[in-house]
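S.K.: These are the residues of each chain, in order.
Protein chains: 2
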Amino acid sequence: MPSQSAITLGSATTLDPAAALLQPRVDAGVPERLARSAAATDGGVMRTDAFAAWFARRREAHPFRVERIPFDRLEGWSFDGRTGDLVHRSGRFFTVEGLHVSVDEGRRGAWHQPIIKQPEVGILGILVKEFDGVLHLLMQAKMEPGNVNLLQLSPTVQATRSNYTKVHRGVDVKYLDHFTRPGRGRVLVDVLQSEHGAWFLHKSNRNMIVEASGEVAVAEDFCWLTLGQIGRLLHLDNVVNMDARTVLACAPVAAALVDGPAATPAARPAPGPAVTAPSTAPVPPADGRSTRTTRYTQALRRSAEPAAGALHSDAELLSWFASERSRHDLVVRRMPLRELPGWHRREDVVEHADGLGFRVVAVAVAAASREVARWTQPLIEPNGTGVMAFVTRQIGGVAHVLVHARVEGGFLDTVELAPTVQHVPGEFVATEDPGGRPPFLDLVLAAPPDRVRYEAVHSEEGGRFLAAQSRYLLVEADEHDAPVQEPPGYRWVTPGQLSWLVRHGHYLNVQARTLLACLNALVGGQ
Amino acid sequence: MPSQSAITLGSATTLDPAAALLQPRVDAGVPERLARSAAATDGGVMRTDAFAAWFARRREAHPFRVERIPFDRLEGWSFDGRTGDLVHRSGRFFTVEGLHVSVDEGRRGAWHQPIIKQPEVGILGILVKEFDGVLHLLMQAKMEPGNVNLLQLSPTVQATRSNYTKVHRGVDVKYLDHFTRPGRGRVLVDVLQSEHGAWFLHKSNRNMIVEASGEVAVAEDFCWLTLGQIGRLLHLDNVVNMDARTVLACAPVAAALVDGPAATPAARPAPGPAVTAPSTAPVPPADGRSTRTTRYTQALRRSAEPAAGALHSDAELLSWFASERSRHDLVVRRMPLRELPGWHRREDVVEHADGLGFRVVAVAVAAASREVARWTQPLIEPNGTGVMAFVTRQIGGVAHVLVHARVEGGFLDTVELAPTVQHVPGEFVATEDPGGRPPFLDLVLAAPPDRVRYEAVHSEEGGRFLAAQSRYLLVEADEHDAPVQEPPGYRWVTPGQLSWLVRHGHYLNVQARTLLACLNALVGGQ
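As they're listed, the protein sequences go chains A and B. Numbering follows UniProt numbering, with no gaps: position 486 of the first sequence is 486. Numbering follows UniProt numbering, with no gaps: position 158 of the second sequence is 158.
With the rest of the complex left out, here is chain A (with noise of 0.2 Å):
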């Protein structure tokens, strides 16, 4: 079978000169460094140990204050006189306007709400780098007014359009040269995912990753830290920010092991020094920590493997989701924000007389570090904390997590795939059973300590949304709670199949790209 580059093959093929054009149409070195920069659970450059001084020490250079305030203290900012949508002057930035939704005729729901629209595509970029054959990613300690700690670590690029065309009127981006000019090092992700679909009308972002060529310098606020070290400071609470999240899942840990010509001895960039794969690096001592925890890591890293097999294969779970995306009907219609029935705008919110799971209020921040030095925006604020869990299992020994088919208003088409349970108190959901509780959610929030394999809270997008925070989980559960048989509307899959997918934009949604980068730090990580 194929196994020459293409360029050895053929008496016609030597003698043309742009055979050397050519290159391998994977490179399946990257997951293995990327591998290696997982299992790296001390970085190159900076130490782990030194990570919270240093992380304290931006917070301290940075004296920073949100504080709510009326809309007619907004600057910019009004409510249209026809619409009553909340727009900027400059006609740029975003609009809250109105929504209605309506899923499935009417059969399954239907509501109105406001909702952001932001038509323009962000870019969202970690640059990457070695030091000592280890990749290390340069993250960016940033200020967002809804973040609830103010200071979090986020992507070393975080852009909107409006950023970089000067909107603002704001200071340069940094780094954003190496992630829009093309030339300018190599690209190992670049791909357009979805943003929150209940809170943003059809917004999606640049997701990338980018290895730099040459020097880089390293401005005040960066630090370069090992894909392990990350691992280690997601099971904090509200360290590491969305942004930086839904990058890090789109990494392609698996990825190319499954969805490339995989190990061709052409493709392989020339032998460095010893890698260690995930599927294939020595389970660590247990180390205090259960056997059960050391054979669900073990359980993840065969999902990895493209010969572990799955309990549905790639052509099934693509035929579900297509099915999936076409048995509902998703009809959104923009409105007038003064025309949502039950809502109603006061001195300082925008919110339904049920509350409804969000509300519109804004803000004053005051701080030094952000493009500008002073600003008001409104911002959507939920009305509690969020609940992301992925229920896992091991099928035969390979890791399951069962995701969920779900539609939001926002998506731009229909349906993605999000965690088992996401749940915001009060939120419309269009759900099989629109008077009983969200499925999973008494499962998850039940569960044993012992069958939680992750638990963290992050905030959602500190740009958008104030107090923004979500328990994120991994809760193992067994063929009682979670047969292996699913509900309508769920399936098993393996996070080697997530992140096959991920590479393409639209099947997962934000807060399972938060699940799954989660999933990859436990596997990397010890």
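These are computed hints drawn from the structure, not numbers from a lab. Here a beta-carbon is modelled for each residue, glycine too, at the ideal position from N, C-alpha and C. Mixed in with the good hints there might be a few duds.
Restraint ranges, calculated between C-beta atoms of paired labels, are given here [to be verified]: (1) B:V148 <-> A:E486: 44 to 50 Å; (2) A:P119 <-> B:D354: 27 to 33 Å; (3) A:N383 <-> B:P70: 54 to 60 Å.
Only some residues are given here: those of chain B computed to face chain A with a beta carbon under 10 Å [unchecked claim]: (4) A56; (5) R59; (6) D190; (7) W500; (8) H504; (9) H506.
Covered, in the sense of this in silico footprint (three residues per stretch, anywhere, with C-beta under 8 Å from a C-beta of chain A), are these stretches of chain B [unchecked claim]: (10) 304-310; (11) 513-519.
Using the hints provided, position chain B relative to the given structure of chain A.
M.R.: Here is chain B on its own, set in the frame of chain A:
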């Protein structure tokens, strides 16, 4: 590196009875079986030389008449009193509405046009089954009012949701159960793909290939053909309809070689008769055809090999696609048909004063073989024959085609990959140079016969478009005509890369998918 099935890995695994539930993620046997079918240019069920007579008999069996009528003779259809939209009284099927399209804030073009809105997802499905070890496809001789010759070769099933929910009270759609009931047979392909973005708003259909389990009774208008037989028919004008072509494009002829855990022993089916994959099939004797053509076929086959390489790696290709999607602002706004500036409704046509690509007309159809015996409907009629062409080159002995990242108003997400040339006379297009000739159009139109690797006239969707024909071409170029360094918005990709992308929706537009089906036909056939 990983090579064993998970079922045999580790003691914890072998003890798990659930291991039996696992299956290989990818069946590497599928592309080989498709290749065997593509190499079979004669059929085990219907001989190729018998096809023409059978097809002619089908045509005679269904006397069928289509005539243009004025709008007031439409039955069940009327112009809405308020909006002027053309609607059906059931509220189903589709509507013709108005659209304002603006690309890149007016700098690159803005226009008004009627558009078909049909939010439901249809099914285009081909049933396959092995006879004497060779996969055959169940194809249907189906009449559609817009086809110039009315009867064309169609997928097994072509069903709108109206079809199967019986909105028009017709007869059952034959074989539909194979595609809508999970568990009947085995799904090889199932992906949502876009329809014409110039004429449909956000329309997509499920493209499915299902392998039947058990006996399949062959109904009157149906026949079993190999991929090789259909490949030969693809060289004829107006025989293989658009719905068949788009499903054929999605057949994973090379995809699994490239897109999956290639060729692990566990993933292979039990050895059957000797299999000849396209990449290693002996090149047939030139047999009157030029050496140039033979070399081109070789280059095509090479592009299906995972190790063949490409001008751009898969990661670079995805990155370019993400950047093309995000660099364009496409703003579409639905508006009442009656308010479209420049468009006028006459007794029997809605048209623009300047032509502008197409008009809306109405027809009466009388046919015996359709679900209902007589009906009237609106159709879109383009003003001329289109030209759809891939400019193609052999780079390092590997076939490449020049794709164009094209903005169309009806696309769900701004941009899809289109042929190098996609030209319908008079049609509005967002181009880099609004005043200029479409790039590469003159190259294609002036190509000498020895540069034309493929040429045939095909109809677009005959259920919605009247006499919408396009000349589909593959035109080989050299460094002078089409340099390796592409102009903005274009990229050289291999057919193997297109087969990899087409497993997912919204990468290739419907015209590019027709050309991919033709490329596959060149690889497989003789």
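S.K.: Using 10 Å as the Cβ threshold, decide whether R59 of chain B counts as touching chain A.
M.R.: Cβ of R59 of chain B sits 33 Å from chain A, so the hint is violated.
S.K.: Are three or more residues of the segment 304-310 of chain B within 8 Å, CB to CB, of chain A?
M.R.: holds (count 6)
S.K.: That 27 to 33 Å hint for P119 of chain A and D354 of chain B (C-beta), does it hold up?
M.R.: For P119 of chain A and D354 of chain B the Cβ distance comes to about 30 Å; the hint holds.
S.K.: Closer than 10 Å between Cβ atoms is the bar; does A56 of chain B clear it against chain A? Give me holds or violated.
M.R.: This hint is violated: A56 of chain B lies away from chain A, its Cβ roughly 36 Å from the closest one there, beyond 10 Å.
S.K.: With a cut-off of 10 Å on the beta carbons, see whether D190 of chain B makes it to chain A.
M.R.: holds, 3 Å
S.K.: Does the Cβ-Cβ separation between V148 of chain B and E486 of chain A fall within 44 to 50 Å?
M.R.: Since V148 of chain B and E486 of chain A have Cβ atoms about 47 Å apart, the given range 44 to 50 Å holds.
S.K.: Grab the minimum C-beta distance from W500 of chain B to chain A and call the hint holds if it beats 10 Å, violated otherwise.
M.R.: holds, 8 Å
S.K.: Restraint: H504 of chain B near chain A, CB-CB cut 10 Å. Satisfied or not?
M.R.: Constraint on H504 of chain B satisfied, holds at 5 Å.
S.K.: Do at least three Cβ atoms from the segment 513-519 of chain B come closer than 8 Å to Cβ atoms of chain A?
M.R.: Contact hint for the segment 513-519 of chain B vs chain A: violated, 0 residues under 8 Å.
S.K.: Could you check the hint for me, namely that N383 of chain A and P70 of chain B are 54 to 60 Å apart, CB to CB?
M.R.: holds, 57 Å
S.K.: A closest beta-carbon separation below 10 Å is what the hint needs, so does H506 of chain B meet it against chain A?
M.R.: holds, 8 Å
Of the numbered hints listed earlier, those contradicted by the structure are 4, 5, 11.
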